[in-house]
Every structure is written in structure tokens, then in C-alpha cells.
Amino acid sequence: MIAEASALLIGDPQADRMVPPTGFTARLTGFAAGAMAFLAVFALALSLATGRLAERWSDELGRASTIRISAPAEERAAQVEAVLRILEATPGVVSSRAIPMEEAAKLLEPWFGPDLPLDTLPVPQLVEVVEEKSGFDAQGLRLRLSAEVPGAVLDDHTRWRAPLVQAAGRLRFLGVLSILLIAATTAAMITLAAQAALAANAQVIAVLRLVGAQDSYIAKAFVRRFTLRALSGAAVGVLLGMLAVWMLPQAQEDGGFLTGLGLQGWHWLLPLFIPLLGAAVAFVATSAAARRTLRELT
Amino acid sequence: MSYGGGELFGDISLKVQPGSFHFLTGPSGSGKTTFLKLGYGALLPTSGQVRLFGQEVRSLDRDGVALARRRIGVVHQDVKFLDHLSVADNVALPLTVSGRDTADQLANLDELLAWVGLRDRADALPAELSGGERQRAALARAVIMQPEVVLADEPTGNIDWEMSQRLLTLLVELNRMGTTILVATHDLNLIRAAKSHVQARVLRISNRRLQLAGADL
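Residue numbers (my numbering), protein chains in the order written: chain A, 1 to 298; chain B, 1001 to 1217.
So that you can see chain A by itself, here it is in the shape it has in the complex (with noise of 0.2 Å):
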């Protein structure tokens, strides 16, 4: 395989003659394979995205969790003092504090505005509490609560947490799925496209058999041809894709999920890889098309 991808690329350049310079199939080929590299750049892009998105996600949220105490306004700082007390004592709890009312109006202020007066509503005391990696025992804290601070509910963010981070990962797949299908198409393309040039060079074919040509030298002149074309368009390809995710708006708190779209640090190398796949892809489905033609045409 090596030898054979080695051979490829040093190639025969009298062998290259055989085949008449220009086709359209040819270009076709330059321009298709270049089409699906470009699209396959985005999914790569967006597959990447998705999984930061999954892995902040479960990261960030997996390790914060609140507490709700809804008490009357006198009883309310002593329960605060006792559910404290108990995440001290909990084993995972790195640290917990209760959220000032300013700060939780500030969390307010989005949906009911600036001016929200706080003291007459009767807005719960939260009580945020970060967890260790290895997290904590939910269940026996919720024992706890309801035994020690009826009016405290623990609020582990499970419920909402388990939804986004299955979407990322469905984001992600479908991301897969897609390079997976642009790879499909491709081949699926470069085959037709294969098939159409051997056809119509029936003639360039028939000479060469009638000297002697074997087939697998035929066969090689035309996929030699076919995978440098998927090459050099798959190329051209990347670049223009990784221009397009480069221009994309950087990453911003407040952009959310749309701007964190692009390629960061090492992902940058990824997309080089397109353009080689590209041309394996491009090799064998030129390969099994040349078989399949040189084998019915007699």
C-alpha cells in the first residue's frame, strides 16, 4: 500500500501522457472534491465546537449546583447559617456560599429590569455551592436538608444539565456523520466521474491494449490522474474552508454557542488532513471504477 501510494505520487510521466491532458471529468473531479473539502472543514468545525460545547457543559454546570431556601424573612438567615453548616460538612463540597441579593438581582434584571424591589417579593435566598471533580453524594444531602432545613432544596442541575449535553453530543455526531457522508459523496462522484473518463477514452484504451499495455498500467494512468485532481481541489478546498472559519466572530461570553464555531489552537492541523483523505478516497474509488471498466470493456 505504501510502495503503491509512494509510486503514486512519484508516478510515470510518459505513463501520465497516455491519458489526453484535458477533460472535463477531470476538472470536475478538481472542482467536486474542492466543494466537499470546503463543507467538510465546517463540519469539522462544528463537530470540534460541539464537543467543547458538550465538555464545558458538563464540566461547568456538572460541577455547580444551588441551593433554594424559601423561608419567611426572619427565619431565613438562620437557615442560611444551617445549610452552610451542613455543606461544610459534606464530603465533595469545595466550597458554598450564599448569593448576596444585589448579585441576585443582577440575575433578575435581564427579565424583570432594572428597578426590581427585591424586599417586597419573595424572592428565594440561593445558596451556590461548588462541588470537587468526584461531586457528591445529591441523595444523602437532600435527606439532610429536608431533615435539617425543610425549606432548603438542593438543585443539582441535573434535570436541565442531561439535555444540553446530549444535544452537544448529537451536535457532534451529526458533525461526524456529516464529514463521514461528504467522504461518501465524494467517492460516489469521483467513481461517476472515473467511469465517464474511461469510457470516453475507449479508444486511448483500446491502442493501448492493442500494444500491449497491461491493464493495471492503464488503470494507473487513470487513477493517478484522478487522485492528484482530488488532491490539489481537496486542497484548495481547506484553505478556502479554513479562511471562511477563520473570519468567522471569535468566541464571546455573550455571543454563546455562535461564536465559539471556529477552530482553536492545535484543531487548526485537522482540516490539513482533509485533502489527503480526499485523495484516498478519491484513489480507491478510482481504483475499483478502473477495475470494473477496463473488465467490461473488451
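Be aware that one or more of the hints could be misleading.
[To be verified] Incomplete in silico selection of chain B near chain A, CB under 8 Å: (1) Phe1053; (2) Gly1054; (3) Arg1058; (4) Leu1060; (5) Arg1062; (6) Arg1069; (7) Lys1080; (8) Leu1085; (9) Leu1093; (10) Val1097; (11) Thr1102; (12) Gln1105; (13) Leu1112.
Don't read these hints as lab results, they were simulated from the structure. We put the CB at the ideal spot given by N, CA and C, even for glycine.
Go by the hints and put chain B onto chain A.
Coordinates of chain B only, in the frame set by chain A:
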């Protein structure tokens, strides 16, 4: 021997001796071209036996047939070239595809082109050649590998008498150098002209049988 739907040849047996010169004649549609195609493995018989250099042709795979063809030069009436390559490149094609396009081998190319009278047409494209020039280029291509056998199918079919004579002279010269020649033609004048230069056997395909032609030729 049968080919396609029905029996094409019946009770034919021919062994071509090395260095011999044969003409194959017969009316149009008698099977001259098919007979030659069987002789270089372009067609496989559905019954009977064809042996190329002692090997049963049906036992050869495609590569085996390709290797056998390097020992057989073929010239067709309707000769085909690679239109995007020059005459010299087309003539050198058998060397190229067999990986024998070394400097030594290619040095003979110029000599060969001179032999067929196409030295000054070496860089021309096939489409720029006349009918006679195409036939001579085809002959040069057929012999560049120094084949043991040359099969020519109506090689003078599309060219005038003078050019036919020239081509015949080249075939006779080849035969004198030891190459086995088998020419399918319906041109009896060509056969008569050849017999004054070379000892040739004339075979006629008639009524699905192969017969030795009479003294009238």
C-alpha cells in the same frame, strides 16, 4: 471453431511456422478480421483452440494476453493512434507501455521512422498524416518491439497502389529479417505483386473453411 452466436469456422487447422509469409484472403464477411483477432487474443473462441507461442489463449489472463501481444505487431486498415501524442510518441508507444523506453531503444526510433519514410513527420500529430503515412506509422509501431509475428489486416485498404507497393516492400523486408508475416487482404493484385518478391503461402477462407489458394494466385 465458433465465435459469437454460431459457428464461424469449421474444421480449420493452421500452424504458422516462424519466419513464414502468409496471405489470408477471402470475400468480405468471410471472417478474415475475426481470424486475425483470434490470432492476437483480441477475441476468444467459444470452441476450438488458439495457441499463442504454444500457450492456449483461454488459459491466459488479461496480463498474459498483453505480454503475448508484445511479441505480435498488429496493423489494422482503420489504424488508431493516441491523437494527442506525436507520431514519434505513438510509434514508441509499445516501448513506453512495456517500460523499455530506454535511451538505447529510443535511439532506434529515428532509424525506424526513417525506414518507413516518416522521419520528417516525427513531430506531427496523427490527424495531420495522410492515409499512407498512417499505415506506415502503424507498421513502425507494430515492429518497434521487434516482434516475432506481424499481423496486418487489410493494411493497404485505404491507400493508393503506389503506397501499397511501398508498404508491401517494408513487409517483405521484415520477413527477410526473420519476422513471421500474416496479411489479410482481398487485394489479389497485392498478393500477386508480393509473390514476385517473397515465397508466400496464400490461404483462402471460404464457406467457413481455410483452404490453400490455387496456382491462379
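Hints, verified against the model:
| no. | hint | result |
| --- | --- | --- |
| 1 | Phe1053 | violated, 13 Å |
| 2 | Gly1054 | violated, 18 Å |
| 3 | Arg1058 | violated, 14 Å |
| 4 | Leu1060 | violated, 12 Å |
| 5 | Arg1062 | holds, 5 Å |
| 6 | Arg1069 | holds, 4 Å |
| 7 | Lys1080 | holds, 5 Å |
| 8 | Leu1085 | holds, 7 Å |
| 9 | Leu1093 | holds, 5 Å |
| 10 | Val1097 | holds, 4 Å |
| 11 | Thr1102 | violated, 11 Å |
| 12 | Gln1105 | violated, 12 Å |
| 13 | Leu1112 | violated, 14 Å |
Violated hints, listed in ascending order, are 1, 2, 3, 4, 11, 12 and 13; each of the other numbered hints is respected by the structure.
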